[in-house]
Amino acid sequence: MVEFTRLWDVLVVGGGNAALSAAITAARAGASVIVAEHAPKAMRGGNSRHTRNLRALHPKPTDVLTESYLEEEYWDDLLRVTGGRTDEALARMCIRASEHAPGFLRDCGVVFQPSLSGTLSLSRTNAFFLGGGKALVNALYRTAEKLGITILYDTEVQHIAIEEGFAREAIVSWRGFPQRIRAKAVIASAGGFQANREWLREYWGDAADNFQIRGTPYAQGRVLRDMLASGVQEVGDPTQFHAVANDARAPMADGGLAMRLDCVPFSIVVNKDVERFYDEGEDVWPKRYAIWGRLIAQQRDQRAFAITDSQALHNYLPSVFPPMKADSIAQLAVMLDLDPAKLERVVAEYNAAVQPGTFHGNKLDDCRTEGLAIPKSHWARRIDTPPFYGHPLAPGITFTFLGVKVNDRARVMMADGKPSGNIFASGEIMAGNILGQGYLAGFGMTIGTVFGRIAGEEAAKIGRN
Amino acid sequence: MTGTESEATIEARRQMEICNACRYCEGYCAVFPAMTLRREFTTGDLTHLANLCHSCKGCYHACQYAPPHPFGINVPETFATIRAESYAEYAWPQGMGRAFERNGTLVSLAAFLSVTLVLLLTMALQDPAILYTAQTGTGAFFRVIPYWLMVGMASLSFGYALFAMGMGAVRYWRGTAPGAGQKPITAGPVAEAAVDILTLRNLGGGGHGCNDLDDSFAQARRHLHHAMFYGFMMCFAATSVGAFYHHFMGWKSPHAFLSLPVQLGTWGGVLLCIGTAGLLWVKTVTDPGPVAKRLLGGEYAMLALLFLISSTGLLLLAIRHTGAMGVMLAIHLGLVLAFFLVMPYSKMVHGVYRGLALLRNAQEKHK
Chain A
1 MVEFTRLWDV
11 LVVGGGNAAL
21 SAAITAARAG
31 ASVIVAEHAP
41 KAMRGGNSRH
51 TRNLRALHPK
61 PTDVLTESYL
71 EEEYWDDLLR
81 VTGGRTDEAL
91 ARMCIRASEH
101 APGFLRDCGV
111 VFQPSLSGTL
121 SLSRTNAFFL
131 GGGKALVNAL
141 YRTAEKLGIT
151 ILYDTEVQHI
161 AIEEGFAREA
171 IVSWRGFPQR
181 IRAKAVIASA
191 GGFQANREWL
201 REYWGDAADN
211 FQIRGTPYAQ
221 GRVLRDMLAS
231 GVQEVGDPTQ
241 FHAVANDARA
251 PMADGGLAMR
261 LDCVPFSIVV
271 NKDVERFYDE
281 GEDVWPKRYA
291 IWGRLIAQQR
301 DQRAFAITDS
311 QALHNYLPSV
321 FPPMKADSIA
331 QLAVMLDLDP
341 AKLERVVAEY
351 NAAVQPGTFH
361 GNKLDDCRTE
371 GLAIPKSHWA
381 RRIDTPPFYG
391 HPLAPGITFT
401 FLGVKVNDRA
411 RVMMADGKPS
421 GNIFASGEIM
431 AGNILGQGYL
441 AGFGMTIGTV
451 FGRIAGEEAA
461 KIGRN
Chain B
1 MTGTESEATI
11 EARRQMEICN
21 ACRYCEGYCA
31 VFPAMTLRRE
41 FTTGDLTHLA
51 NLCHSCKGCY
61 HACQYAPPHP
71 FGINVPETFA
81 TIRAESYAEY
91 AWPQGMGRAF
101 ERNGTLVSLA
111 AFLSVTLVLL
121 LTMALQDPAI
131 LYTAQTGTGA
141 FFRVIPYWLM
151 VGMASLSFGY
161 ALFAMGMGAV
171 RYWRGTAPGA
181 GQKPITAGPV
191 AEAAVDILTL
201 RNLGGGGHGC
211 NDLDDSFAQA
221 RRHLHHAMFY
231 GFMMCFAATS
241 VGAFYHHFMG
251 WKSPHAFLSL
261 PVQLGTWGGV
271 LLCIGTAGLL
281 WVKTVTDPGP
291 VAKRLLGGEY
301 AMLALLFLIS
311 STGLLLLAIR
321 HTGAMGVMLA
331 IHLGLVLAFF
341 LVMPYSKMVH
351 GVYRGLALLR
361 NAQEKHK
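First to last, the sequence lines map onto chains A and B. If you read the first sequence in the working numbering, its first letter stands for residue 1, the second for the next number, and so on. If you read the second sequence in the working numbering, its first letter stands for residue 1, the second for the next number, and so on.
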């Protein structure tokens, strides 16, 4: 039976990688720790359950990372995707600390994959969890249990009572029953608000109804909204989120990473009005992969269609749902509910603009178009070899960027500019401090681990006093 | 293959198409790299992948789409069902595939009936008193069960088992051929498959182990299977050495405790006892999520039969100079007879098909 009457050293709100990194660190520092996870046990781990890797700095090759990846290159990569919308001091601190993140996770029982083959080649910058995020989550929970951390599943934190920047207690719904948890320090690691469609509608209107939530349906943003209402300083653009091109037939929530379609660079993408709207060949995974969700979110009915032919079929990963397949472009258009004559014209114009070049599926090549209003800068090949394939696309949201402001010790900042007395944050709930826009593959897990460890250390200091 | 596909096959195809788009498990066993070589999955492909699966359950515990996720991905359970269906499909002679339904009952019944048969035969053929009086010295066993009967029944039943399993193997190999057709079998892949079989590389998880009981990693199942497999092989070697002594050296059993056949049989028996008892324990306490419950009966029965064979063998050794030897010998040989008879229609065939799946996998990698 859980002792709801006792005073805990540290309460961790949330149950993903950021939460457990914090909880384990605090418990190792001698604090008594209780974790409140909204999901039931089988669905625990927040978005971490769907992740796969973490981006880590390394000066020399390790057993799971090739070559080297140093601070300046890492920072440049981040600068490029965020377009400068980042806090340089926090970002650089996070990048430097990322060197030790794989080692910390390994100490928690996480097994890394030696190095990755196949279509996604990120083995230089990203360390892959063997079996993926759920295997990581299992290892973290096992470690937490061994350390004697109390874990409450099916437990939603509904309100944190904050007075003058100091958290007094948390009101929770524990398996449907109201309870309160008292702790000397609180770590908020409860994720963004991407699964809260009502909240998304505030910024995106009806379009939000067509957003697919790639990850956990438990990211309702309740703790975030509650904290912002209690005088915690806000950070990040509420309209910004990390979103990719998902299969339009994916479930509306919890579809996970396998719903993403990486065929965009090898296809042309049109919207419902059969118009191309962006350079599909601008760049490939991971740098420009993350912009397509937003681009599609801005189209009519939040739909788009990637058109390829049999030449391209083996350049991208197979999809969960089979693509539409037809022997002519006009037939394919009918299957996709598009204007056949117009799609034929768009494909013909594109084909006529394709310049001769040498195709390289794995790097920026010299296959491009000339003379189109919207060019395709790389991997442009004529779409002329039947059968033709069509993948319907929808925006798949990973997480939102609105968050709570923190300092470099993961301490939450209050609206009056002063640091909170005993509240810390790690993970998606504070990722907006560093990610103003865009996304870098594996960086969410890096932020979660790095800030989780700092939050755990700092909270344990308060807890032990 | 026949025209209509089983529910399990259709379900496995759905699951493999999701797995092939996800690929988080590619670092686990050989199944997932073999999967990525394909974009479409024929019935034969799915049978091959299912027999390549060692039920280590790593992919289940790591799966973001495992139940209660609506995708309900449960590869170990689905593949176990397909394996059982392939055992029935390729059993020889054809109609005998039905023996895989209610396999636990069949194996238990066969064991009971053959022990009874051997006991009755012994009593009918010999002076019943021989069963109860101590027999010592050269040829003691054959005074209980005549030499011609022992060798005759053993070689007939074992010979049949080998032939039936060989026919099954040929039919399986043809049935799971990829669209490209058969490739000649070469030394490289054979050697690689042999190493896979002898080391159970696919139950090692690359060193950290598999999910034997729950989401924690262990090597228990692999080590217990090793104990069972090598124990079985040592017992088989003991019998072969004994036969060699009998026919070519003129040395008749029972042999001294420190002789080669008795030493091989003793330690083989001990390993077989530990392995089978341990595997029974693992099956009982493991997380039932990724387990095909319908197949458990046959698996329990075969492990129990092997445990009984090894334990009665050891008991026989312990009491061979007493009056209890006769009955114990009859029970032990009755169990061995049952084992040979049911072998082609029991879990034992997994060795044949998994071996061939590993061979095909090695061939594909050498492309």
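For the record, the hints were derived by calculation from the structure and aren't laboratory data. Treat the hints loosely; a few may be bogus.
Listed next, with one range per pair, are the computed distances between beta-carbon atoms [to be verified]:
#1 V285/B to G361/A: 46 to 52 Å
#2 M233/B to F4/A: 24 to 30 Å
#3 Y203/A to E101/B: 55 to 61 Å
#4 P70/B to G417/A: 28 to 34 Å
#5 S310/A to S155/B: 45 to 51 Å
#6 M1/A to R102/B: 40 to 46 Å
#7 K367/B to P386/A: 43 to 49 Å
#8 T62/A to G355/B: 32 to 38 Å
#9 R249/A to K367/B: 29 to 35 Å
#10 A353/A to P70/B: 38 to 44 Å
#11 P386/A to I10/B: 25 to 31 Å
#12 P70/B to D337/A: 24 to 30 Å
#13 I10/B to T62/A: 40 to 46 Å
#14 I185/B to L79/A: 53 to 59 Å
These figures come from a predicted structure and were not determined experimentally. Even for Gly, the Cβ is constructed at its ideal location relative to N, Cα and C.
Checked hints:
For V285/B and G361/A, the hinted distance range of 46 to 52 Å is satisfied, since their beta carbons lie about 48 Å from each other. Between M233/B and F4/A, the C-beta spacing of about 58 Å breaks the proposed range 24 to 30 Å. Evaluation of the 55 to 61 Å hint for Y203/A and E101/B yields a pass: the beta carbon distance comes to about 59 Å. Taking the beta carbon of each, P70/B and G417/A are about 46 Å apart, not inside 28 to 34 Å as hinted.
The hint said 45 to 51 Å for the Cβ distance between S310/A and S155/B, and at roughly 58 Å that hint is violated. Range check, M1/A to R102/B: about 45 Å between beta-carbon atoms, so the 40 to 46 Å window is met. With their beta carbons about 28 Å apart, K367/B and P386/A fall outside the hinted range of 43 to 49 Å. Range check, T62/A to G355/B: about 37 Å between beta-carbon atoms, so the 32 to 38 Å window is met.
The hinted range of 29 to 35 Å is satisfied by R249/A and K367/B, whose Cβ atoms lie roughly 34 Å apart. Between A353/A and P70/B the Cβ separation comes to about 43 Å, which falls inside the hinted range of 38 to 44 Å. A C-beta distance of roughly 28 Å is found between P386/A and I10/B, which places it inside the suggested range of 25 to 31 Å. Range check, P70/B to D337/A: Cβ separation about 26 Å, and the 24 to 30 Å hint holds.
The given range of 40 to 46 Å is respected by I10/B and T62/A, whose C-beta atoms sit roughly 43 Å from each other. Taking the beta carbon of each, I185/B and L79/A are about 56 Å apart, inside 53 to 59 Å as hinted.
In this structure, the earlier hints numbered 2, 4, 5 and 7 are contradicted, and the remaining ones agree with it.
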